[in-house]
Every structure is written in structure tokens, then in C-alpha cells.
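Could you build all of it, start to finish, from the sequences and the hints given here?
As they're listed, the protein sequences go chains E and C.
For the first sequence, position 220 (counting from the first letter as 1) is numbered 221 according to our numbering, and the numbering increases by one without interruption.
For the second sequence, position 176 (counting from the first letter as 1) is numbered 401 according to our numbering, and the numbering increases by one without interruption.
If you are wondering where the hints come from, they were derived from the structure by calculation, not from laboratory data.
Quick caveat: nothing in here was measured; it's all calculated off a predicted structure.
Virtual Cβ for every residue (Gly too), placed ideally from N, Cα, C.
A couple of the hints might just be wrong.
Just the calculated beta-carbon pair ranges, DEER-fashion [stated by the list, open to error]:
(1) E:Leu172 / C:Glu336: 35 to 43 Å
(2) E:Ile22 / C:Gly759: 53 to 61 Å
(3) C:Arg635 / E:Ile22: 39 to 47 Å
(4) C:Gly523 / E:Asp322: 54 to 62 Å
(5) C:Asp596 / E:Arg29: 43 to 51 Å
(6) C:Gln424 / E:Met104: 41 to 49 Å
(7) C:Asn493 / E:Leu134: 31 to 39 Å
(8) C:Pro563 / E:Ser142: 39 to 47 Å
(9) E:Tyr154 / C:Gln424: 47 to 55 Å
(10) E:Asn318 / C:Thr444: 39 to 47 Å
(11) E:Leu172 / C:Asn493: 20 to 28 Å
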Amino acid sequence: MLQFVVRRLLLLVPILLGLSILLFLWIRALPGGPAESLLGERATPEAVEQIERQYGLDRPIWEQYLRYLRRLVHGDLGTSIASRRPVTEEIQRRFPATIELAMFAMLFAISFGVPLGFFAAKRYGSPMDHGSLVASLIGISIPVFFLAILLKYVFSVKLGLLPTIGRQDVLIDAEHPTGFYVLDGIITLNPEAAWDAMMHLLLPAIALGSIPLAIIARITRASVLDVQNEDYVRTARAKGVSSSIVDRRHVFRNAMLPVVTIIGLQMGLLLSGAILTETVFAIPGMGTWLAGAIENRDYPVLQGGILFVALVFVLVNLIVDVSYAYLDPRIRVS
Amino acid sequence: MGRWKVLALAGVAAMVLAATGCGGGGDGGGNTLVFGSAADPTALDGALISDGESIRVLYQMTEGLTRLKPGTSEVIPSLAVDWTTSDDGLAWTFNLREDVTFHDGTPFNAEAVCFNFDRWFNFPAALQGEGTTYYWQFGFGGGFKNPAEGSPGPDASLFKSCEAVDDQTVTINLTKPSATILSTLTLPSLAIASPTALQEYDADAGSQNADGIFQPSGTYATEHPTGTGPYKFESWTLGEQLVLVRNDDYWGDKAETEKIIFRPISDNTARLQALQTGEIQGYDLVEPQDVETIEGDGSLQLLERPPFNVGYVTINQAKPPMDNLLVRQAVAHALNRPEVVDSFYAGRGIVATQFMPQEIQGYADDVVTYDYDPAKSKQLLQQAGLTMPVEIEFWYPTDVSRDYMPDPKRNFEAFAADLNKAGFKVVPKTAPWRPDYVSKVNDGTAGQLNLIGWIADFADADNFIGTFFQVPSAQFGFTNQEIHDLLNEAEQESDPDARTQLYQEANRKIMEFLPGIPYVYAKAALAFDSDVQGFVPSPVGVGGESFSTVSTGDEGSDESETTETG
Chain E
2 MLQFVVRRLL LLVPILLGLS ILLFLWIRAL PGGPAESLLG ERATPEAVEQ IERQYGLDRP
62 IWEQYLRYLR RLVHGDLGTS IASRRPVTEE IQRRFPATIE LAMFAMLFAI SFGVPLGFFA
122 AKRYGSPMDH GSLVASLIGI SIPVFFLAIL LKYVFSVKLG LLPTIGRQDV LIDAEHPTGF
182 YVLDGIITLN PEAAWDAMMH LLLPAIALGS IPLAIIARIT RASVLDVQNE DYVRTARAKG
242 VSSSIVDRRH VFRNAMLPVV TIIGLQMGLL LSGAILTETV FAIPGMGTWL AGAIENRDYP
302 VLQGGILFVA LVFVLVNLIV DVSYAYLDPR IRVS
Chain C
226 MGRWKVLALA GVAAMVLAAT GCGGGGDGGG NTLVFGSAAD PTALDGALIS DGESIRVLYQ
286 MTEGLTRLKP GTSEVIPSLA VDWTTSDDGL AWTFNLREDV TFHDGTPFNA EAVCFNFDRW
346 FNFPAALQGE GTTYYWQFGF GGGFKNPAEG SPGPDASLFK SCEAVDDQTV TINLTKPSAT
406 ILSTLTLPSL AIASPTALQE YDADAGSQNA DGIFQPSGTY ATEHPTGTGP YKFESWTLGE
466 QLVLVRNDDY WGDKAETEKI IFRPISDNTA RLQALQTGEI QGYDLVEPQD VETIEGDGSL
526 QLLERPPFNV GYVTINQAKP PMDNLLVRQA VAHALNRPEV VDSFYAGRGI VATQFMPQEI
586 QGYADDVVTY DYDPAKSKQL LQQAGLTMPV EIEFWYPTDV SRDYMPDPKR NFEAFAADLN
646 KAGFKVVPKT APWRPDYVSK VNDGTAGQLN LIGWIADFAD ADNFIGTFFQ VPSAQFGFTN
706 QEIHDLLNEA EQESDPDART QLYQEANRKI MEFLPGIPYV YAKAALAFDS DVQGFVPSPV
766 GVGGESFSTV STGDEGSDES ETTETG
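Below is the structure:
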């Protein structure tokens, strides 16, 4: 097992290296650079040249890349052109917001998706089964930002129940030692702040969690249907074990294996979904940051930020693989 | 199975409870204005920024020697109470306001003024990039006392020296006469900061990294910006809120509202919805499609800024037959400008008659105008001896929306149809705004005609027609010494009335000569909660809009409506 983890971690090096090259080229292939963004109508060829010289963008691209790489191995991701702050510092501040949102979204998706799928399978072919199919299709096909705007319109603008922007009411006195606002509220013994942070997360989490919810529900349903017809389930029933125990011990546990994989994979996808959700809800996470950086052609932010997100994605996948091996003894043996 | 049902029910119940437990709003904080900005400021050091969001915040905290009268482009005294200029126009002597202190308690005086000017002029190499100290370079010619390699030296600078004559009198010496200096000094980037704070918090410390980006190591611009304005800095949490509080020792009228909180919200719809829920009480950059919603909502109000831009069609005279005045007149009569302005600007466009809006001194009421008249266009083309249809290349940008052209393609399509009806044959050409379009326009390689415009830096005719026509440019492709000379003369004329007349004369000449067809001045708009009073939109935008006169209607004395207190 340890060997497996170490091997996978070592594999990270070539993956990240390759990715950094791709990113570097891709970002520079975007039409227009920081100079044009900065200058607008004032973008005369000379002015553009002057700014490109200032930012070293007039150098050959391999030279720019090597310079970037040299700093990258020292853990320096560069400095944002727009905010003039180190990229690593911005990640430190913004990443907790995104993770907190992703976890709440996942919590929402699991707590509704798993039961929905389970009951749909248990009542296979019933109206409830069909209903869950329709619901999950809708969940998958509604664009996240549209759902977000709709939710805000109904629950905030019309009903006035929930806040629409940010992570915390600006008038609340709150300390933020960890950057995870709900947790911060709890550990600083400030229930009002924790509650407020949770209220701010509710709509974004539902919007972001809608797609994983639908997928989890579908996978759970399919998996439960599969497992139900396994020999060991039939055996258990035949020897007279009560149906709720069969469901819990034999069906549910085994059916959860593929669901765990999907949850892990979805966790990675949530990071990209967060870009839209964060923008619509003005949450200062990785998403709003990267969206702004694309607009401004803030090369260092794009390179550093996306590389970091990619690293997280790869690590989450690794954790999924490891936990899968842990949950399913058959994999460990082979 | 029963347990699952219970769990699911509990989940739903928790959501519902959560949803109903707490009010959404959050503006119940008494005398506080929460304003939705589009982004965080870059930094709170005027000298080191050029973005609107930084300027918006800085304008509440810092003041320059001069400023603009609210809602106009008229220069009035600020930290200087009056001024005189030497006969040769090279020495400007300012009498400073007395009994003014910076937010850190240190006195504002002539030495403080010179400290700021000397700071700008002596910027170290790391701060000499155009992207780093744009407005100093723009306003004062760009020269530095100790230029780094590639930077212009003192001979390029308009600024020569600053002398503290006595405590309340300061003389600024220039290298050549300039009549724009009073307007330049209104720029929030050239506001006077506390020398003590600048030094104590290392405003200039930092390095230019290998990417050419200045990375400050001091904390002046992030934690200790210190000016003389009606508000002072309290705190800044990036991405969430920037808080200013009233300066109770302010020399002028104290601010109405005790606190202003700026919340960055990049998404337009999100800003509108946050205003509707009361999470913010105002925002800038209202999108044309939201105007109707805001105007139709009794609890909201829309405030329009006088226009500070111009949208025009470039005519490049280097490309025949555009060198022929008759052809240019034919183009002018061919374009149905009122139609385009009425159709595509959501009621916020004004048909342009010249290359600068009327709020700017030097606007002439009596320039030649060119009515929509396709028959006349054809006649003019015939007179020019051309066989119709006359083929011309007409460029427009894609992937962009500017105040003066929210949707360039629609403007183009309407104008192209007009031209085709008036004896021309338009060859449409297009390029993405970034990276090619603007460079092509400026370089004179974007056809005979192209769509472009201008958003000014400061409220002066020089920043409009001076920028366009003072010297021959590749964009317009002509030399007209009469116009160039007139604009040179106007730039250096220090008597305001004489100057205005020179610019009016220039505008008349320009519209006769027709180097292009200005067609729109577009007003930008802000939205506020209808309880918010006292905000005066400025033609220059954020660099002229003070929040100190704004009241939120929260004090409660005249307001029976008390909502959302918990």
C-alpha cells in the first residue's frame, strides 16, 4: 500500500511538469496580453511594446518558461499583475473559501443523492423511481449559474430569506483564524458568525451540489440494483435475516463502493464548478480570482492558480484510489 | 429503511429551518453605507494605481491641491486655496489651506506637498514602469530624476522642482508652460499623502520581480493609506470588504455617513440582486439591460453620470478617396446617427456633434452639423467625380463592450447599411479587440473607416481633441497645420477664458475638416437604494465622486420603515 502511494506521488512530478508547459503555452495563446488589457484605447503598438518589455513578455517563450520554472521549483508562483500580491499568498487566503463551499456542496449532494438513489432502486419501476430519474436529469442539465441566479431570485430577492453575496455579513464581528468561516465561528465560540456563514453557504452549496447530487443518485440507484441480485444477498434473505438488516449490511455497504469513487471524482469537478458559483455569489475563492485573472490576462495568477487547482485535483484522485483499495479488500489482494 | 427516511426528512427540515431562521439583508447597521464595487482596489497608494476601483476608494480618503466641483469638470480649490502663475507660465505658486492635518495627526503644509512631488519625481527604478506609476508619467510627461535604463530622464519631465516658500505657500516649477496642470492636479493619483506615513510604512520599498511586476514590501498601500480627506482607512479584507470611517477632524464639511463599506462583486447580475435584497445600497457600472428593472422598482433609483467619452468613426485620410473632403462629407451625411444612438444605448446615449462632450470646457455650440441625408451623400460623391458604388473598407472590433459602444457589431451593421444606401459599398472587416484591433486603429491599418472611441483620463479638452489631433497621427492619416497649431496654442494658454475660446475654435475647424464622425456620448449609470441621498455623479466618474455628502436614510428620524434588525 505504501509503495502504491509513493509511486503515485512520484508520478506527480512528470504530471505537473507537463501540465505547467501546457498551461504556459495555453495562457499565452489567449488573444491579447496584460498590456492590451491595461491600455484599452491607448494600446498603440509602442505602448504595448513598452509594457511587454516591462513584464519580460518580449523574450523568447522558452526563456520565459525556464525563468518561470526556476522560480516554481523554489515554491515561488510569481506575483499577480493586478493585485501585486504574491500568488501563494492569494491562494492561502482564497483556497479555504473554495474548499468550504465544495464540502458543503458535497454534503448536500450526498445527503440527498444517496437516499434518493437508494429508495429509487428499492422501488424500482415505481413513480418514485421515475420521478428521481427526471429530477436527476434536470439536475444535470440546468446550468449551474442559471440555477444560482434562480435560487437567489426566489429565496433572496422575492422571499428575503437568504443572503446573496459573500461569505459573511459585513456588519458581523467575526475572527477568522482558519479561513473556514463556519469552523471559525465555532472555534471562536461565536455562534452568530458560524450561523451567518452557514446561511451564506446554503444557496451556493445547493447550486454547486445539484450536478453531483444527480450523478450520485443515479450511480447509487444502479449500484443498489446490481447488488440486490447478488448471490450473497439472496443467501442472506434465504436464511431469514430481516430485510432492513440485509439492506443495511449487505446491500448498502457493497453498493456504496462505486458511489465513493464517484464522490471523489466529483469533488475534483466541484473545483471547476466553483468558478461560476463563486462569481455569481461573489464568494472570494479561487473561482472568482481565476475568472478575474482571465479577464485581465494576469499570467502569473493563471499559471500558479490553475497549476495549484490541478495539483489538488490529482491529490483528491489519489485519495480516492487509496480509499477505494481500503474499502474493497479485493483490490488490495490483487 | 425507516432510519433513512428519518434522515432524509431531517435533512429537509434542517434546510427549511435554516432558510427561515435568518433574514437575508444586512444593511441594518445604522449609519453605514455598503457599496458594491466591481473588484478590490489594486493598492491604496494613489501614485501606484490607475484602476477605477482604487481611485474610487482613494478619492474618499485623500485630496489633491485642486479638485473638480461636484458634478462638473470645473477645477476648484481643494488643499490649495488659490494660485498664481509667473509670466512665463513656468512657476505655479499655490497658497495652501491652513489648519489641515493628515489622518495620522501630522500637519499638512508646503513641505508635505514638496515631499510628495519629490517622491514621484525620484521614484526608484522599480517604480518607473508605465504599468506601475501611470498617472504621474501621464500627467507630468514621464521623466524621472534618476531614470533606469529605458526610462525617460528629467528632460522629458514637465515637473522641474518644488519649493516650499513658507509653511503655507508652495511653488511648483515646470520645464515648459502648461495649462493642463490644474486639471492634472485633480487626479486622485496625484493627491497629497502624509510624508510621515509614507516613510514609516515604506511606501516605496519593494522590488520589481523577474516578471517586471512591482511587489511592495511596505504596508502603506495595504494597511496605512493616510491622506486629509473626509474619510479615513479602517480595514481591508481582500475579496470581502474595505471599510472607511468618518474623519471627525476633517477641515471641511464632515461626512454625513459614519462608515462606508466597499464590497467587491464582479458579476453584474449579482450586484443588482444584492441591491434588491438590501445587502448593498448602491453600485456602479449598471448594465444597459438592467436599466428597466431598476427604473421600474420603486425602492431603487438610477443615477446617470454626465458622459465622459465619445464614440466615433475614424476616417483615415491616408487611404483614398478619404483625402477628399467631399467624400468625408458624404460619409457624414450617410450615417443615421440618431437612429443608432436611440436603438442601441438603452436611453443613455446622446448624439455627438463634435469630438468631446459638452461638459468639457471648450465645447462649441455652433459647429457644422451633418444631417442624415443619403441623397446628399450620393450627390457629394458625384461631385467628387467618383463612380458609385464607392468601395470602402470599414472595420469594427469583436469581443468587446465599451461604454461608448456596448455592442460594436450592431453599430457597425446599422452604419454599414446606411453607407450602402448612400452610394458606398462597404467591405466589412473585423478583428478581436485584444490583441489586434486597437493597435491596428492606432497604426492606421484598419481600413478607410473604423469604429472606435475614447474614455478620457481627465476633464480637459486637451485630453480629447488634443490627444486626437494635436500632432499628425497614423490613425487619422492627415496633416493640417492650422488645427495642430491651434491645439498647441490652446494647450499652453493659461488664461481659462482664452483657452476655452481656442478650443471652441478648434472644434469648429475640426468638424469642418471632418477627420472622423463623432456619433455618441454615452452616460454611465449607478444604482442606489432610493433612501440613499446626496450622491453626485461626476463626468469624470470615480475620480470626482465623493461619498461624504451621501446619507443613507438610516438615521431613522424621518423614516418610519425599520426593517431587518436581527
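To see whether the hints hold, each was checked on the structure:
1. E:Leu172 / C:Glu336: 35 to 43 Å: holds (40 Å)
2. E:Ile22 / C:Gly759: 53 to 61 Å: holds (55 Å)
3. C:Arg635 / E:Ile22: 39 to 47 Å: holds (41 Å)
4. C:Gly523 / E:Asp322: 54 to 62 Å: holds (58 Å)
5. C:Asp596 / E:Arg29: 43 to 51 Å: holds (49 Å)
6. C:Gln424 / E:Met104: 41 to 49 Å: holds (45 Å)
7. C:Asn493 / E:Leu134: 31 to 39 Å: 36 Å Cβ-Cβ, so the 31 to 39 Å window holds.
8. C:Pro563 / E:Ser142: 39 to 47 Å: holds (44 Å)
9. E:Tyr154 / C:Gln424: 47 to 55 Å: At 51 Å between Cβs, range holds.
10. E:Asn318 / C:Thr444: 39 to 47 Å: holds (40 Å)
11. E:Leu172 / C:Asn493: 20 to 28 Å: Roughly 24 Å apart at Cβ, these two residues keep to the hinted range, so it holds.
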